[in-house]
Amino acid sequence: MPISSTCQITVDGSPLPLDIAGLLTDACVEDSQRLPDLFTLRFRDVGRTVVKKSGAKIGAKVEISVQTVDAASPVLLMAGEVTAIEAEFDSAGTFTVIRGYDPAHRLFHGRRTAAYTQVTASDIVSKVVKEAGLRVGKIQSTTTVYEQVSQCAQTDWEFLEALAREEGMDLWVREGKVNLGPPEGASSAPAAGGPGQRVPLALRLGIDLLRVRTVVTSAQQVKEVEVRGWDVKSKKALTATEPAKTETVDLPEVSAQKLAGIFGNKKYVSTDVPFGVQAEVASAAKSLAREVAGSFAAVEGVVRGNPELSANSAITLTGLGEPFDGKYTVTSSRHRFDAHSGYLTTFTVSGRNDRTMLGLAANGAGPGGPRGPVIGQVTDVKDPEKMGRVKVKLPWLDDAYVSPWARTVHAGAGNERGWLVMPEVGDEVLVDFELGDVRRPYVLGGLYNGVDKLAKGPELVDGGSGAINRRSMVSRLGHHIDLLDQKGKSDGVTVATSDDKLMLTLDAAGTKITLHSDGTVLIEGSKGIVVDAATSDLELKGGKVTIAGQNGVDLSSSGGSVSVKAQTQLNLTGLTAKLEGSTQTEVKGGAACTIKAALVQIN
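Position in the sequence shown counted from 1, then plus 571, gives you my numbering.
Everything labelled a hint here was simulated from the structure, so no lab data went into it.
Incorrect hints may have been included.
Unchecked claim - Computed list of lysine-lysine pairs in DSS-like fashion (alpha-carbon distance at most 30 angstroms, straight line):
no. : residue 1 : residue 2
1   : 829       : 804
2   : 1115      : 1098
3   : 1083      : 1027
4   : 1027      : 1098
5   : 628       : 701
Unchecked claim - FRET-style restraints, in silico, Cβ to Cβ:
no. : residue 1 : residue 2 : range
6   : 716       : 1094      : 49 to 59 angstroms
7   : 786       : 615       : 54 to 64 angstroms
8   : 1156      : 1081      : 36 to 46 angstroms
For clarity, every value in this text was computed on a predicted model and none was experimentally measured.
For each residue, glycine too, the CB sits at the ideal point set by N, CA and C.
Let's have the full structure, built from the sequences with the hints guiding it.
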């Protein structure tokens, strides 16, 4: 019987011409819980006419159905589009191979960068799918609202699959529609049929199962999983713990937790994603618990062609013996048609361990985030939480992308203390990411470049020795603090305004302190001010010098004389005035001496 009597193919809505259908030597349809479905059609093509007569050009719509004796009409296996055409020439003959995927393959085309703010995972999936020109199927709503989720140089599929994985869900395509939801629970599998009764998804060894390999393993099984994170706002650790259970394998005699208990009930602790919200930690813990537990059992089996056996279908296996008899959720399936074996269906149960080539390639691609410090440019400093955070754009990555709020690094930062130096909008900065996650950026510091020059001041580097002569702290307006280390020249500390009209200089070479102001210098002390020159001279100079005391003024000298001189007139005035010498007093006038009072007493 020709393959075309079982495998029926349409291209852009039209069945294959009979002469072309008769050239089909084998066909294969593969599906997966977490990858686009694919098809391969192989034709013997001596005259090189298959492509032209079938209309199977790249981009053509292809539907592959199967007609079985149990079904009144063909059952659709896959709807996709042609993505590749191959020609083979060898000793076996000339062949044309047509390959394609379901529409989700478009999510693998290109890498892009985008940011999604104040959204749930389900919102993001719907948005990205629509932007890719695909139809949205059943999208299960998620509840965690993310402040910002970043797609950083990733394909849409890598981005959405990672997002679904964090939510403990799968992303798949059925009948041209993209869906998001949890995997089908194994417990929904049908009960095994009685003697002579055939149940398509209840498979019996020796009757339905032609070949099967099944494994139950305790490898890497744990009693529970714990996911940890850090809440920046509350400055507290975040934790969530979930028992290691899976809905994709249901075996009466064994479970992941039972196997873990044999070797000590260990815990799996995950810290590789820097979660910052309790809801994210809780969701990740549930997803990780399912993922770890789902790997304790695996199955690979072959049955006579069964179109109902597909990825995400729940099946019952019997006749395998303990502990293998039970219920499983299919991870992937392959429907193959050829002249030698007819129609066979191969299926696998592997949890999240996708063993297909496309799956291995996708898993190895990584999240696409930066792998180390990168260059950024500050775009916003108005942190609504007032925690000194900034937003940055990454011009090397994308023109429009702006990061989530990035924490900034400050020396000695702590509770109301530290060296607070914030970058300005437009500054070039060095950015790093917590555990490589683009959602958690940190600004390490600012950078000079060809436009943003070094602060002006004394020569920075000694031309002879190469020593650094100056360390400076300069504000946006140019006010500066300079630590000067040029021996014999500029050695000390300078604090000055941008125009140098106010300046404090500590001269280490001359052991001198200079305070300069082009305006007024005001020195105040609520409990007193002491100016002490020890045994050296103390000099006060000014156009006019005024000394005023609210409770009195004392002028005294403990080791010498006190001289009061005026170039013109000297006035000493008081309510009472007293001039006294303990041994001798002399009052002398150069030309005349006048003493006046209503009453003058001498001796």
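Tested hints:
no. : hint                               : in the structure
1   : 829 with 804                       : violated (39 angstroms)
2   : 1115 with 1098                     : holds (26 angstroms)
3   : 1083 with 1027                     : holds (24 angstroms)
4   : 1027 with 1098                     : violated (40 angstroms)
5   : 628 with 701                       : holds (25 angstroms)
6   : 716 with 1094: 49 to 59 angstroms  : holds (57 angstroms)
7   : 786 with 615: 54 to 64 angstroms   : violated (39 angstroms)
8   : 1156 with 1081: 36 to 46 angstroms : holds (44 angstroms)
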